[in-house]
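Fit chain S to the known structure of chain F by using the hints.
Number of protein chains: 2
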Amino acid sequence: MSDPSVAAASSAPDAAVKYVYDFAEGSRDMSELLGGKGANVAEMTRVLGAERVPAGFTITTEACVAYMAAGGEEPPGLSEQVADALDRLEEHTGKRLGDAEDPLLVSVRSGARESMPGMLDTVLNLGLNDESVEGLAAVTENPRFAWDSYRRFVQMFGNVVRGVAGERFEEQIARVKRERGVRLDTELDVDALRELTRAFRSFYDFPQDPQEQLRQAIDAVFDSWTGERAVSYRRINRIPDDWGTAVNVQQMVFGNKGDTSGSGVAFSRDEVTGAPEPSGDFLANAQGEDVVSGVRNTRDITELADVMPDAHKQLMEILRTLERHYKDMQDTEFTVEEGRLYMLQTRDAKRPAQAAVRFAVDAVKEELLTREEALMTIDADRLDALLHPTFDPSFEYDVLAQGVAASPGAAKGEIVFTAAEAVEAAAHKRAVILVRPFTEADDVAGFHAARGILTSEGGKASHAALVARGMGRPCVSGASTLEIDLGAEQVKVGDVVLGRGDRIAIDGSTGAVTLDDVPLVQPRVSGEFETVLGWADGLRRLGVRTNADTPDDAIRAREFGAEGIGLCRTEHMFLAEGRAEKMRAVILAADEDERRERLAELRPLQQDDFEGLFDAMRGLPVTIRLLDPPLHEFLPARLDVQHEVERARSEQSDDLEELETLLERVSALEETNPMLGTRGCRLGILYPEIYEMQVEAIALAFAAVRERSGEAPDLEIMIPLVDYEKELELMRELVVRTMTEPGLAEGKDFTVGTMIELPRACLQADRIAEFADFFSFGTNDLTQTALGFSRDDVEGKFIPIYIERKIVDRSPFDTIDAPGVGQLVRMGAWLGRKAKLDLQLGVCGEHGGDPTSIDFFHNSGIDYVSCSPFRVPIARVAAAQAAVRA
Amino acid sequence: MSDPSVAAASSAPDAAVKYVYDFAEGSRDMSELLGGKGANVAEMTRVLGAERVPAGFTITTEACVAYMAAGGEEPPGLSEQVADALDRLEEHTGKRLGDAEDPLLVSVRSGARESMPGMLDTVLNLGLNDESVEGLAAVTENPRFAWDSYRRFVQMFGNVVRGVAGERFEEQIARVKRERGVRLDTELDVDALRELTRAFRSFYDFPQDPQEQLRQAIDAVFDSWTGERAVSYRRINRIPDDWGTAVNVQQMVFGNKGDTSGSGVAFSRDEVTGAPEPSGDFLANAQGEDVVSGVRNTRDITELADVMPDAHKQLMEILRTLERHYKDMQDTEFTVEEGRLYMLQTRDAKRPAQAAVRFAVDAVKEELLTREEALMTIDADRLDALLHPTFDPSFEYDVLAQGVAASPGAAKGEIVFTAAEAVEAAAHKRAVILVRPFTEADDVAGFHAARGILTSEGGKASHAALVARGMGRPCVSGASTLEIDLGAEQVKVGDVVLGRGDRIAIDGSTGAVTLDDVPLVQPRVSGEFETVLGWADGLRRLGVRTNADTPDDAIRAREFGAEGIGLCRTEHMFLAEGRAEKMRAVILAADEDERRERLAELRPLQQDDFEGLFDAMRGLPVTIRLLDPPLHEFLPARLDVQHEVERARSEQSDDLEELETLLERVSALEETNPMLGTRGCRLGILYPEIYEMQVEAIALAFAAVRERSGEAPDLEIMIPLVDYEKELELMRELVVRTMTEPGLAEGKDFTVGTMIELPRACLQADRIAEFADFFSFGTNDLTQTALGFSRDDVEGKFIPIYIERKIVDRSPFDTIDAPGVGQLVRMGAWLGRKAKLDLQLGVCGEHGGDPTSIDFFHNSGIDYVSCSPFRVPIARVAAAQAAVRA
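Chains F and S are the protein sequences, given in the same order.
Residues in the first sequence are numbered consecutively from 1, following the working numbering.
Residues in the second sequence are numbered consecutively from 1, following the working numbering.
Extracted from the complex, chain F is given alone in its bound form (with noise of 0.2 angstroms):
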């Protein structure tokens, strides 16, 4: 390779591509390039000077994926540009790799361009051998100083580029600690350092050649990207395989050369709260793994103006510099060696939600951002957190079972095992948490008792899920390590066996279950909160609506913001204490007459919801669905039925009869797809009735309020699950029927629309847009038609086996599949306004509370979102983010 005109040859076809660029060329823009920490460093170099990042270069992602696709093989080029890039670094500090004298040291970093703290390999102390250790113990006169950093290069260099295992390490240490009677491995001294070398030594064939020694470094970290850890940490944060990392090679500055020295992390602002003032840990004498390692107790940021006055002043400078350049809060690494400052890294702070807000509201009263700037640098999705008691982050626990975070927020409370023990419990003031395989309709009264729901199957779209995300009840959903026996009343987890009454904690925010009593954290709606929703409404252009079936819903999603209601699940209405029976009683009817005689008792209950739910809506629009789940949900399990049954037979008993017609409706209702059956529209169709009183029942309600009060909401009556036109045709012609007749006027006082949410309805929604006034998709079940999946029976099941697989990055139920669903929705909105120009579009599927699938619909010309109460606030500010980004 010394022959410049072989190695020309053998690395032509690849003589083009650069590989290695130094910090002084590189920029932030190119972090898909350098890695974040590359491009970091780089861009530090430039705002800060040279002076103040020690020098180095980067060995460039494509380097690793060309490593990586020839099966671990340095693409050519490569290593020739190594050596110019360190002849370059060695020019500039004065210094040699493997210098006998004054030896040039370096660190090896991994960095991608997204940051996977711990899980990629670092080497640190490069270029030392036997002849410049001695070198550097000359020139730093420090020879333990000196032997300790070799006696560390080779175990970190054994351990993470040869794979030796970390405890043969220790052992040595703890043997020769023994032998010497020391503690503590400040204590060795240069001896027993020099012997703990070379028993490392001989665990490996270590290569003293520096050359030879940053060669191999720098595969190591190569190779460190399929690594298990790194493997798993990408697919539990969605990072893709083939991005391949970065490999930094900078000049080792030590912050362990004394009492001026020392190493630590410095936020430009508080990470916890956002509050103005910097933030940090550092240690005196000290490399930066000491800081993180937290073996030794670090010191507040404050304290460094006490000890090293000057770097202190710098540092304090330095980020508000940086938090000026990156128009962010900034996470720094900075070391002192000798009084002098070296800042090793920064990087966008990572913060809770409080933080986010308290930071992009200071950050525009300081000018530092504009609105807009200020509102992108919040993670919306975080925002949850503000609206939700939490576990207290600072106290440890020990987690029982781990389930789907299925519904923000943390609960505690005594098990209980149905929904009727949920509802006396609360009667009598005690938290209880309502804990069951899975949850049905009839559950429902017991989401209302309970402070947290807790299931061991179904995911974030099971029932439990989206009516506790309806509630704002916390819930964590297949946590498919429980074994709940009913029967028996008991919960086994491994060998723990629970019982009712037993406490439990959930938080719904992670999917954590622990006995421990976690202190819970309250949330504090800040006025700063108030001031970035402010904001977020000038900036937006979706509306933002509520998915609320009971007046405290809307009253509650109204104080979040809510411009009205876009889904109102009339069903959930049928389910309230004295109302699951009278509906039970309408399905059982004989005939059409008795149906009707028992519809008519259920109406002024339906109008009594109704005038809650307008009274709280008054001037806002209110969508509401008729009825749409099939109706054997409002009917016991055919298996508890049969028990019943044969219960009653053999004691003789006198409800025989009327439990044996129970069985016959029940076993004649059931269905082999229920989600493809006999619901939605269909049902209008075949019980026109049933529809006819949920009119009726809207319009009494809507003259009653718009009399009481002198003002109504803008009703919109909405038709579910619509296949052809014809469908909605008649339906419409139901519901205008029905509401003229009391004098209301259609187009004025309401209209009428339909859910979209079957593929067929996508593909002809120019037809169905000529008998509607607006369409809402409903993504939930148009995600569940278009893939197949229905959501019950996928979603714990394999959704993680298909992200684990890397068939999809998450569940198309947590953000819309926009190559599939997504294009369904874009075919229905564009079909619907070709037919329709002014057709209102809307979305109430769970995806309405998805920042990324709100960021879609921004871009797909939907006028409104709905979501549940608690996601409103989410929801304002993805859409002033979608505005702001389009």
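Derived from the structure by calculation, the hints contain no laboratory data.
Remember, predicted model here, so these are calculated numbers, not experimental data.
Positions of the beta carbon are idealized from the N, C-alpha and C atoms, including for glycine.
None of the hints are false.
Derived CB-CB ranges, DEER-like:
id, chain 1, residue 1, chain 2, residue 2, range
1, F, Arg737, S, Arg500, 48 to 54 angstroms
2, S, Glu483, F, Arg649, 17 to 23 angstroms
3, F, Glu592, S, Arg500, 35 to 41 angstroms
4, S, Ala600, F, Glu804, 23 to 29 angstroms
Coordinates of chain S only, in the frame set by chain F:
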């Protein structure tokens, strides 16, 4: 109205609309406007000359539509145009309506665009009144004829136009006959007829004015379009309500003027066999109504030669002329009036399948038609009858219940309630019908053993229907009036109670169920049919394959002309005897290792199956779909296991533990919506070892057959239920890896493709095509997902009501829903071919055997359709017709 200026003013807006056409003005292309009868009479007038066809005029369907739109008011201008046409008719005939000397009499008949036999009203002898009856008597010198005609007219007018109940007239006739001591109508003399006429007139306000008679009669025909009979006929025959009917006013001719007169119907060829000799019936001295009513015994048309040789000769010539002109077999009505032959009607003859085939072949031989033309005269859907036994059409039987015509063919046998009983009965050569509420995988063994299947639930796409059609077993499904109590081994229908062993007969071509011992007619696959199929093969572009899972099916399908297997459902192989248990062991395996062990036991069995299939299909393509259904389909029902557990528990039985494990597994695999759950390639991703076993079995079978016979099929391995291209990529990898291990070559020995059966797959077909050599559209499941229709739940339940309410005109499972599902197929085909120009495109849903759907697929760029063996000949003909049509 007599003032022309007033008439002109009132009819001004529609003055330009021509509502009335003389027969001489029309032609057969005008059937939309003139109705079928009007257009044909006009055409006949053109072809045969005015002297052969009684003159008259047609009032257009547009007039009827306008009449309906105006709520039963004649449109302006109509009455004037009718008056003008009547003037022309009077001039042509030299007679006047209502003339006291020699009156013109006319018939007023309906005639819709499509024939609706007997559904619309007709009035004969119009123009008679108290005066003109005497003229008729004088001019015919036949007072009895005149008074009988008058009596008939007053009766018919009262009944048809004025709605007087028919029995009131019959009572009078009976009374007069009683009083006069006569038995037959023909024995009534002039006096008696006078008395009757008088009595009839007293029932209503009979209009003496012939113009008024005509106006009322025309309106009555219009009104009959919306009568109950007509509406229900249209519903059954899928005729749109808004077509309206035309009205034909035609000079009466009389076949009842003595022995040189007569009436009859004549077909240009034998209407049952298609043999080239004309067939038909006639009655001397009779009107057409007498021939049709069946009151008198008609005589064969050949006897006409003896009675009226000239008329017979003319008729034979006319039939040939008409056939040559219409290029199709004709069905005519004629009258001979005093030796003169009049043709009253001609239309393309409806004919059973064998006659259709015979005619087509003869017509080509006779050079009457080209092959293309001949092929188009065949109703492909009816060819089914040639492939299955049917009820003897001449036998009259009582219908016990009416179900869905789920799988064609008729069968008789004793009732059995379980598959096991069916198998046992078959072993004793007893013919049985398997009767169940619905069927499941477990029942399939019984399908082989039974002569036919009868269910009370489900529709054309229920499990029973699908499996029965695949096997060619007759099946009636969804006979919902049957109450089947499996526990009591009873079937109740109203008061009838049937038990095991009772004989029953079903006709799967009509859906009829009867207790009568109906003779069965065996199918004849004639040489003519072979000829037609040969033409079809020469003309069609679409390939025709079969869906077959067993060597028997494959052999039969190949005999029927299948060009390969388009869909082999491998799961059916797991259901055969001795395999279900092994498959169950696979599913119950505790871990992957045990599962692999159990699978290894299944592999040789599956290999055997494949060898049989490959042997049968050597040299042709065979598409094998890897396991598709959810695993719980191979396990017993949860309820049954639960009962078993309870039994075992109470009996302290040894198998309790085993049963509890089974229950646990069954519960764990249970799904809310199995259609949208863990099935298709999701299984292959979760349990790759299952697919690996299947692919190994395929590879081994392929190699064995090739070695043994030197020839193998073109192997196509198909991955079901793909949503994401990554799924196919992973499964393709698995297939290729497993196949290439024993040395088979990708692309040469086998290809890999996917079923496109989810909306998302259609939308992302270009991405999916990257990993597919072929697509096969699974339009059954695509219909279920695109429309949100679970076929198990909707076919019996709301599709009939949807047809009744005119939301759909047929089940989307019978004929592809072109605007929805069809567009997804087209999108998938387009995107797939966009990405891969030579991508092979097939259809393997039930629609592959439906002529209307085949036409759609032909026009969507599909390469082949695949259908059950018995539909293969139909698909060949339908594919050729699609090609000719295009």
